[in-house]
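**Student:** Quick mapping for you: the protein sequence lines, in order, are chains A and B.
Position one of the first sequence corresponds to residue 1 (the working numbering), numbered consecutively onward.
Position one of the second sequence corresponds to residue 157 (the working numbering), numbered consecutively onward.
These are computed hints drawn from the structure, not numbers from a lab.
A few of these clues could be false.
[Stated by the list, open to error] With a cut-off of at most 30 Å between alpha-carbon atoms, the simulated DSSO-like pairs for lysine-lysine come out as follows:
id: 1; chain 1: B; residue 1: 190; chain 2: B; residue 2: 388
id: 2; chain 1: A; residue 1: 54; chain 2: B; residue 2: 388
id: 3; chain 1: B; residue 1: 289; chain 2: A; residue 2: 54
id: 4; chain 1: B; residue 1: 326; chain 2: B; residue 2: 297
id: 5; chain 1: B; residue 1: 335; chain 2: B; residue 2: 388
id: 6; chain 1: B; residue 1: 300; chain 2: A; residue 2: 54
id: 7; chain 1: B; residue 1: 326; chain 2: B; residue 2: 300
id: 8; chain 1: B; residue 1: 289; chain 2: B; residue 2: 335
id: 9; chain 1: A; residue 1: 54; chain 2: B; residue 2: 548
id: 10; chain 1: B; residue 1: 190; chain 2: B; residue 2: 548
id: 11; chain 1: B; residue 1: 289; chain 2: B; residue 2: 388
id: 12; chain 1: B; residue 1: 326; chain 2: B; residue 2: 289
Spelled out from the first residue to the last, the chains are:
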Amino acid sequence: MPRRRGVIGLGNPDRGDDSVGILVIRALRGRVPEDVALLEDTGAPLFVLEQFQKFDALILVDAVHSGSPPGTIHGFDGRQIPREVRARTISSHGVGVHDALGLGEALGLLPEIVRVVGIEGNEFDFGAALTPEVEGAIERAVANVLEQLSEIEEVS
Amino acid sequence: MSQTRTIKVDTLARVEGEGSLYVRFSGSHVSEVKLRIPEPPRLFEGILEGRSYEELPDIVARICGICPIAHQMSAINAVEQAFGVAVHPSIRALRRLFYCGEWIESHALHIYLLHAPDYLGYEDAILLARDHKARVEAGLKLKKIGNDLMALLGGREIHPVSACVGGFYKVPTAADLRKMRGPLEEALDLAVETARFVAGFEIPDFEQPYEFVALRHQTEYAINDGRVVSSKGLDIAVDQYLDHFVERQVSHSHALHSSIRGRGSYLVGPLARFHLNFDRLPDSVRGLANELGMTPECCNPFKGIIIRALETVFACEECLRLIDEYEPPPAPRVEVHPRAAVGQGCTEAPRGLLYHRYELDENGIIRTARIIPPTAQSLKRMEEDLYFLVGKMAALPTPELTHRCEQAIRNYDPCISCATHYLQVTVERE
Chain A
1 MPRRRGVIGL GNPDRGDDSV GILVIRALRG RVPEDVALLE DTGAPLFVLE QFQKFDALIL
61 VDAVHSGSPP GTIHGFDGRQ IPREVRARTI SSHGVGVHDA LGLGEALGLL PEIVRVVGIE
121 GNEFDFGAAL TPEVEGAIER AVANVLEQLS EIEEVS
Chain B
157 MSQTRTIKVD TLARVEGEGS LYVRFSGSHV SEVKLRIPEP PRLFEGILEG RSYEELPDIV
217 ARICGICPIA HQMSAINAVE QAFGVAVHPS IRALRRLFYC GEWIESHALH IYLLHAPDYL
277 GYEDAILLAR DHKARVEAGL KLKKIGNDLM ALLGGREIHP VSACVGGFYK VPTAADLRKM
337 RGPLEEALDL AVETARFVAG FEIPDFEQPY EFVALRHQTE YAINDGRVVS SKGLDIAVDQ
397 YLDHFVERQV SHSHALHSSI RGRGSYLVGP LARFHLNFDR LPDSVRGLAN ELGMTPECCN
457 PFKGIIIRAL ETVFACEECL RLIDEYEPPP APRVEVHPRA AVGQGCTEAP RGLLYHRYEL
517 DENGIIRTAR IIPPTAQSLK RMEEDLYFLV GKMAALPTPE LTHRCEQAIR NYDPCISCAT
577 HYLQVTVERE
């Protein structure tokens, strides 16, 4: 049976660079194989937790705020998010993706493959615009996701 | 030797709200407790001015992702009172069913993901889940069943779209509802397990002389409607609310503090409902409460988690009853004729009494809006709890005392409860 594959973009469209996860999903539309589900969400942990059970391979795309230069693309295995990133929370949502991953891991719900593509953001204020550095990172993030999707296809 | 000890829980911005805690005491004497919550619902009152009553349920649903139905129901009650709309009994029953779904979802979320880790010594629900996998799974399952019921009646579980003044845009068939029977029977079992589980927690010894305030209904455990009553003899119709309750500005908080005129703070929510309406619970729930050592006299806020679990049991039973008795109404909604009037509505949100008031013109346009959510009503009382708690437990080392304070805030299941879980704690010693 082929793997059920999905990409979820997480973020709040009204909070500057936090919207980048959603924008990456929109840029991916029409450019991924038909079987790949593309989803957008605010990153509510319980939504993400539910999605874990629907896929065998999942890529989460979210904004990251870790102090790297804006626009930097980070890649993590969802099972091994660096401790310092967890401690700082991987997104601006407070309760974030790392909580869903942690809960998913503890409950044994994580898909066989779960990866996180993080895009370093700089501006997370309400009503803020996307910063040019982050806008410029969207295509690189898209390429990163497409590459990972083809890797996942090959190993299956 | 330090004379002054300060506990600060810094502000953290979140989408649902933000809060901070500041406790200061000199020696063992508590000199100051401040809990600050800039309150998002206030903005909605301005947004609503100039909008039609038809838009109201959809706008107020956005106030909260956890309890949108509470806001919809208080708002709809208020407008129906203003326009003199009488809904069919089946519509009222459906609304109660809808609301019970929200109680199940909200209580399950709070019990397992937000509050239980405090009692069992875990930093968060993730660590709790590692050791108590089956319990957390049960909590998530319960929450999902509550959400599924909300989605069935509301079109979707978060910010549902089906409820309207006069009824619903679309009502389910009896067969639709019967599909929820199986899951709700499972939810009932899970809720009973939950009540037994949380009743075994170690509860801090801490009782307070609360004035309890809740809705009271002639026959039911009040959710949708009733009179506003208190444990000190208040017994008023909803439209007298503002004559007896007053909101005051306090300098350290953007949120207003509520009090009962001439008396002071009061408590809304599970403890208050349980105290005032214990006799309205079905025998089965009262029996379980007795078995678990819970009596309506309970005035220990740390036992709120047990009452939430008992209310979840009640909500599951109530859903099953309502589904079994359901007969579709003749029409999904009755006709509504706007008129210039003031309407007020109160319902029991999972966190407690939720008051809405609207002044409408002859075209049904909202002229003024007033929303008094349970968290705002509880703020003053929450600060008092913290004041006495810190005084009582002053001998504890600061980290443990800080944890107890956070746990005490979570007793109220305020909108900031998940934020406080992630707050940075700073301790200053002078």
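**Student:** All the hints need checking, so say for each whether the structure fits it.
**Tutor:** Okay, the hints, checked on the actual structure:
1. Using a Cα cut-off of 30 Å, the hinted pair residue 190 (chain B) and residue 388 (chain B) holds, with the two alpha carbons roughly 27 Å apart.
2. A threshold of 30 Å between alpha carbons decides the hint, and for residue 54 (chain A) with residue 388 (chain B) the separation of about 53 Å lies outside it, so the pair is violated.
3. For a cut-off of 30 Å, the pair hint linking residue 289 (chain B) to residue 54 (chain A) stands: about 20 Å separates their Cα positions.
4. This hinted pair checks out: residue 326 (chain B) and residue 297 (chain B) have alpha carbons roughly 26 Å apart, not beyond 30 Å.
5. Only pairs whose Cα atoms come within 30 Å are accepted, and residue 335 (chain B) paired with residue 388 (chain B) is rejected, the gap being roughly 44 Å.
6. Straight-line distance between C-alpha atoms of residue 300 (chain B) and residue 54 (chain A) comes to about 15 Å, which keeps the hinted pair within the 30 Å bound.
7. About 22 Å separates the Cα atoms of residue 326 (chain B) and residue 300 (chain B), which keeps this hinted pair within 30 Å; it holds.
8. With a CA separation close to 28 Å, the supplied pair residue 289 (chain B) and residue 335 (chain B) stays within the 30 Å bound.
9. Taken as a hint, the residue 54 (chain A) and residue 548 (chain B) pair is broken in the structure, with Cα atoms around 49 Å apart against an allowance of 30 Å.
10. With a CA separation close to 17 Å, the supplied pair residue 190 (chain B) and residue 548 (chain B) stays within the 30 Å bound.
11. Annotation: proposed proximity of residue 289 (chain B) to residue 388 (chain B) is violated, straight-line Cα distance about 43 Å (limit 30 Å).
12. In summary, the hint linking residue 326 (chain B) to residue 289 (chain B) is not supported, as the alpha carbons are separated by about 38 Å, beyond the 30 Å threshold.
In this structure, the hints that do not hold are numbers 2, 5, 9, 11, 12, in rising order.
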